[in-house]
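Using the sequences and the hints, build the whole thing.
So the sequences go chain by chain: X and A.
Each residue of the first sequence is one higher than the last, beginning at 437 in the numbering used here.
Each residue of the second sequence is one higher than the last, beginning at 437 in the numbering used here.
Simulated from the structure, these hints should not be mistaken for lab results.
Hints may contain errors.
The list treats identical chains as one, so a pair stands whether inside a single copy or across any two.
[Claimed, not checked] Below, simulated DSS-like cross-link-like pairs (lysine-lysine); rule was C-alpha separation at most 27 angstroms, straight line:
1. K615 x K510
2. K564 x K615
3. K531 x K559
4. K615 x K486
5. K444 x K615
6. K564 x K486
7. K615 x K559
8. K485 x K615
9. K564 x K588
10. K485 x K578
11. K510 x K485
Note that the structure is a prediction, hence the values are computed from the model and not measured.
Next come the chains, spelled out residue by residue.
Protein chains: 2
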Amino acid sequence: MTQEINRKDRILDVAEELFSIHGYDGVSIRQIASAAEVDVALANYYFGKKLDLFQAVFDRRAQLLSDTRQEVLKREQGKQQSLDQVIEAFLLPLKMAQQTGDPGWRNYLALLSYVMTSPIWNKELMGKVFDKRVSEFVAALKEIFPNAQDEKIHWCYHYMSGALALTLAQTGRIDRLSKNRCRSTDFDTAYELMVPFMAAGLREVCG
Amino acid sequence: MTQEINRKDRILDVAEELFSIHGYDGVSIRQIASAAEVDVALANYYFGKKLDLFQAVFDRRAQLLSDTRQEVLKREQGKQQSLDQVIEAFLLPLKMAQQTGDPGWRNYLALLSYVMTSPIWNKELMGKVFDKRVSEFVAALKEIFPNAQDEKIHWCYHYMSGALALTLAQTGRIDRLSKNRCRSTDFDTAYELMVPFMAAGLREVCG
DNA sequence: CACTATATTCAACAACTGTTGAATATACAA
DNA sequence: TTGTATATTCAACAGTTGTTGAATATAGTG
Chain X
437 MTQEINRKDR ILDVAEELFS IHGYDGVSIR QIASAAEVDV ALANYYFGKK
487 LDLFQAVFDR RAQLLSDTRQ EVLKREQGKQ QSLDQVIEAF LLPLKMAQQT
537 GDPGWRNYLA LLSYVMTSPI WNKELMGKVF DKRVSEFVAA LKEIFPNAQD
587 EKIHWCYHYM SGALALTLAQ TGRIDRLSKN RCRSTDFDTA YELMVPFMAA
637 GLREVCG
Chain A
437 MTQEINRKDR ILDVAEELFS IHGYDGVSIR QIASAAEVDV ALANYYFGKK
487 LDLFQAVFDR RAQLLSDTRQ EVLKREQGKQ QSLDQVIEAF LLPLKMAQQT
537 GDPGWRNYLA LLSYVMTSPI WNKELMGKVF DKRVSEFVAA LKEIFPNAQD
587 EKIHWCYHYM SGALALTLAQ TGRIDRLSKN RCRSTDFDTA YELMVPFMAA
637 GLREVCG
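Have a look at this one:
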């Protein structure tokens with residue numbers, strides 16, 4: 437036996453991967469069950485309806501991610517941080533998730549991108565867990581730029597959020613455009629350059 | 437009669453809207469036909485398979501958008517442009533599309549966002565029409581930053597592309613986070629702030 | 001052993017899916 | 001008028017969808 441993992445988790449893992457690639461409507465429960473080598477009815481037994489399964493997949497790592505983010509922000513709090521440090525702290529949990537080497541996390545980040553960019557899922561799923569942490573991040577930005585208009589700060593976060601979402605999606609487009617000089621899977625470089633890029637943009641618009 | 441539009445175009449319009457919201461797998465041909473007040477078989481008569489219909493929807497405005505982009509770039513060529521001007525020229529076709537006031541264009545831009553962020557569709561659809569213009573844009577950036585590493589320029593474009601994609605998606609998230617101080621539908625402000633933001637980021641990373 | 005809660009399978013349901021071929025209608029040219 | 005190309009409808013197909021209830025197995029407890 438290669439790995440001793442229970443069926444319930446295997447269903448979650450497979451669903452996570454397939455949903456992240458094909459989206460909610462692009463995957464059937466039967467496909468998930470088949471890939472997980474499990475009977476169709478078993479997915480229903482554990483998770484209920486298809487929507488609940490999707491929710492369960494999303495929730496599993498969402499809370500963990502949000503908690504890490506809160507922890508990092510609290511740790512750095514009151515330290516008179518620079519703009520670069522604030523941004524870095526915001527990105528750190530994602531960096532950590534990827535650095536575990538767990539392919540499940542990589543799939544989840546792609547799923548997160550799918551949810552972030554979908555007009556339907558965004559409202560339903562992002563609000564519950566992530567919006568609170570984002571508001572804290574925006575508040576930290578406001579402290580750094582006390583004279584900036586709220587709207588400008590929010591638009592800047594929007595740009596950063598978009599850049600992040602496309603990174604997490606791992607579409608392979610940057611590989612194609614750069615003739616393989618850059619890799620969609622190279623999160624390290626993506627984060628490393630993102631920090632000074634976003635900091636400069638913020639200073640320009642809000643400074 | 438309120439509007440005299442032929443059924444073929446009406447199918448395209450409806451498909452464009454529904455695909456942009458629910459994605460390819462989230463919409464059935466029957467839903468499209470029903471919303472277009474047309475028989476199911478008629479969609480097949482005009483466009484063939486479902487995949488061909490999706491392709492037709494995507495292609496209809498893609499070429500127009502790419503052509504406008506090329507035209508703008510050519511017009512501005514050899515004018516010793518500033519970085520801001522180059523970025524503005526790149527965004528101009530999208531701005532123009534939105535300023536027509538045609539809701540169809542708005543739907544299409546959301547569909548474009550869906551394609552840009554999907555690992556599956558990206559490869560298949562973005563390459564044919566858009567990648568060429570993007571390469572020209574990246575080349576223009578290289579002229580401005582002749583000493584910058586190729587990879588850095590590509591990553592910067594990646595960030596810009598992500599910010600753009602999330603804007604086109606109109607998810608409503610910025611409305612929620614900013615307590616309605618900002619609007620997802622406010623493309624004018626989004627573009628206006630995006631230019632200095634991206635220019636500053638580029639200068640920081642590539643300058 | 002018997003009892004019980006959990007886990008898993010099987011078979012089936014009604015609804016919906018994309019697609020098609022034949023039948024019918026419409027428009028237009030000769 | 002007739003002939004013909006285009007447009008539109010209708011009915012049906014085989015396959016897939018999410019979901020469920022009953023049957024069976026398994027594991028753990030007394």
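For each hint, the structure was consulted:
1. K615 x K510: Close across copies (24 angstroms), not inside one copy (41 angstroms); limit 27 angstroms.
2. K564 x K615: between (40 angstroms within a copy, 16 angstroms between copies)
3. K531 x K559: Result: close both inside a copy and across copies, 25 angstroms intra and 26 angstroms inter.
4. K615 x K486: Intra 40 angstroms, inter 32 angstroms, cutoff 27 angstroms: neither.
5. K444 x K615: For K444 and K615, the Cα distance exceeds 27 angstroms both inside one copy (41 angstroms) and across copies (39 angstroms).
6. K564 x K486: within (20 angstroms within a copy, 35 angstroms between copies)
7. K615 x K559: Cα proximity of K615 and K559: across copies only (14 angstroms, versus 36 angstroms in one copy).
8. K485 x K615: neither (43 angstroms within a copy, 33 angstroms between copies)
9. K564 x K588: within (24 angstroms within a copy, 35 angstroms between copies)
10. K485 x K578: neither (42 angstroms within a copy, 52 angstroms between copies)
11. K510 x K485: This pair counts as neither: shortest intra-copy Cα distance 37 angstroms, inter-copy 54 angstroms.
Hint violations for this structure: numbers 4, 5, 8, 10, 11, all remaining hints satisfied.
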